[in-house]
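Given the coordinates of chain V, assemble chain C onto it according to the supplied hints.
Residue numbers (this note's numbering), protein chains in the order written: chain V, 1 to 335; chain C, 1 to 100.
In short, the hints are calculated from the structure, not lab data.
For clarity, every value in this text was computed on a predicted model and none was experimentally measured.
Fair warning: there could be bad hints in the mix.
Unchecked claim - For lysine to aspartate or glutamate, the following EDC-like pairs were computed, each having C-alpha atoms within a straight-line distance of at most 16 Å:
#1 V:Lys36 with C:Glu66
#2 V:Lys273 with V:Asp239
#3 V:Lys14 with V:Glu28
#4 V:Lys14 with V:Asp45
#5 C:Lys40 with V:Asp91
#6 V:Lys209 with V:Glu263
Said to hold, decoys possible - Per the computed footprint, the stretches of chain V lying under chain C, defined by three or more beta-carbons under 8 Å from a beta-carbon of chain C, are:
#7 35-47
#8 316-326
By construction, the Cβ of each residue, glycine as well, lies at the ideal position given by its N, Cα and C atoms.
Below are the chains, spelled out letter by letter.
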Amino acid sequence: MVAFHPNENRLNDKPGDPGYEENLAAFEARIARGDKVEPGDWMPDGYRQQLIRLIHVHANSEICGALPEGTWIPHAPSLKRKLALVAKVQDEVGHGQLLYRAAETLGKSREEMIDELIEGKAKYSNVFHYPAETWADVCVIAWLIDAAAIVNQRMMAEGSYGPYARALKRICYEEAFHLTHGYDMCISLATGSKFQRDMLQAAINRWWKPIMMFHGPSDKESKHTEQLMRWGIKLRTNDEQRQEFLKKYLPKMFNLGLTVPAEWNMKFDESTKTWTYTEPDWSEFVSVVRGNGPVSANRLETRRLSHEQGRWVREALSAAAGGRPVPMPPAEAAV
Amino acid sequence: MTDTQWPIYEVFHQSARGEPHVHVGSVHAPDGDMAVLMAKEQFARRQACVNLWVVPMEAIVSTPYEDADMFEHGTDKSYREAFGYETTKRAKAVGDTADI
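Pulled out of the complex, with its shape left as it was, chain V reads as follows (with noise of 0.2 Å):
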């Protein structure tokens, strides 16, 4: 019997290490077979650094996703709005601690995560890093972008690693809600008055773009995936993701008589069933994951103060768990 020290196997994980070639062939035949890695198994380095790097990265996307949304918490045009929209805010917070924790056990630690994420050294989605200039653009984030979000959830909860697909697999059903609620607010503002529709247009206009490229790069730029793909820690593609959503969505949308942007020329191939379109610049993608989009700066800002304002909550808890005297709040946040 052993104690449940999840994050300690690794013996010989890196290519050139005495029998690393037998173990990675038992472990691409286990996955092969359609067995789930448990922490504590053995598993090649790479495997351990991609989930980890994915995983920090989706973590991180749930935090700063409830950026644009917590922002218009006291905008919402309704009581039933703001009540939907608290709760949504905080399944993302929640979301982003059941993901660190599924990155844990793997051996890097919630601390170093946040803390690199803070200090602008770790990702997150494309989406987030461009603002929400107006109540539609809430209502677009959480019907498409949240749409868009299961597609490529529902596949990762299908993965090979067991905790990440066990965390998706609960985040996918609260996210549920997220995109019937986002659907609801958009119908009401595509059937509401012109005001509201030529609202809800505007954002769509804003958001095709960051849309169209949140799936990640082309299959033809895209380094990770093959080698993701053997792994099982990816099922599908970018494109394949990307097309999934364009041919359930774009139909919606078009039904509530929304159009895209004429620029992107999205056309139905019948013969190959797949929507063609004007190739995104990839290279706009790169560097607004790398923290260059428009609200980066911001939104990195936002965190931080966020991390700072809460660290007396924090000290208060360890303070009292420890038996030591809790602090007082300083004086900023008793407001």
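What follows is chain C alone, placed relative to chain V:
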């Protein structure tokens, strides 16, 4: 900055009286009481819940996955199973046609 890396508590969720506690995930918390509070926020926001357990991860003793062969049966153990017997047929033969 090392002020949130508290111990890990594994969380077990019971959806109704009479149901088993099921492992649903884990939380970081400075002590057990806070772990319960964190677990409630994280795992009981939606689905019905009547009871939560939190257990320090360090308290769990586990079998290693690489020794999973310890659970395999070395010999035919069908004699431990109801399906290992053809007793329905034999009971009929002796005149018992009711469920066994």
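A quick look at each hint next to the structure:
1. Our distance criterion of 16 Å between C-alpha atoms is met by V:Lys36 and C:Glu66, whose separation comes to about 13 Å.
2. As the CA atoms of V:Lys273 and V:Asp239 are separated by approximately 13 Å, the hinted pair is consistent with the 16 Å bound.
3. Between V:Lys14 and V:Glu28 the CA atoms are separated by roughly 14 Å; this keeps the pair inside 16 Å, and the hint holds.
4. As the CA atoms of V:Lys14 and V:Asp45 are separated by approximately 6 Å, the hinted pair is consistent with the 16 Å bound.
5. Under the criterion of a C-alpha separation no larger than 16 Å, the hint pairing C:Lys40 with V:Asp91 is consistent with the structure, at around 13 Å.
6. With a CA separation close to 11 Å, the supplied pair V:Lys209 and V:Glu263 stays within the 16 Å bound.
7. Closer than 8 Å: that is the beta-carbon criterion, and the region 35-47 of chain V has 4 residues meeting it against chain C, so the requirement of 3 holds.
8. Residue count for the region 316-326 of chain V with a Cβ under 8 Å from a Cβ of chain C: 5. That meets the three needed, and the coverage hint holds.
The earlier numbered hints are all upheld by this structure, with none contradicted.
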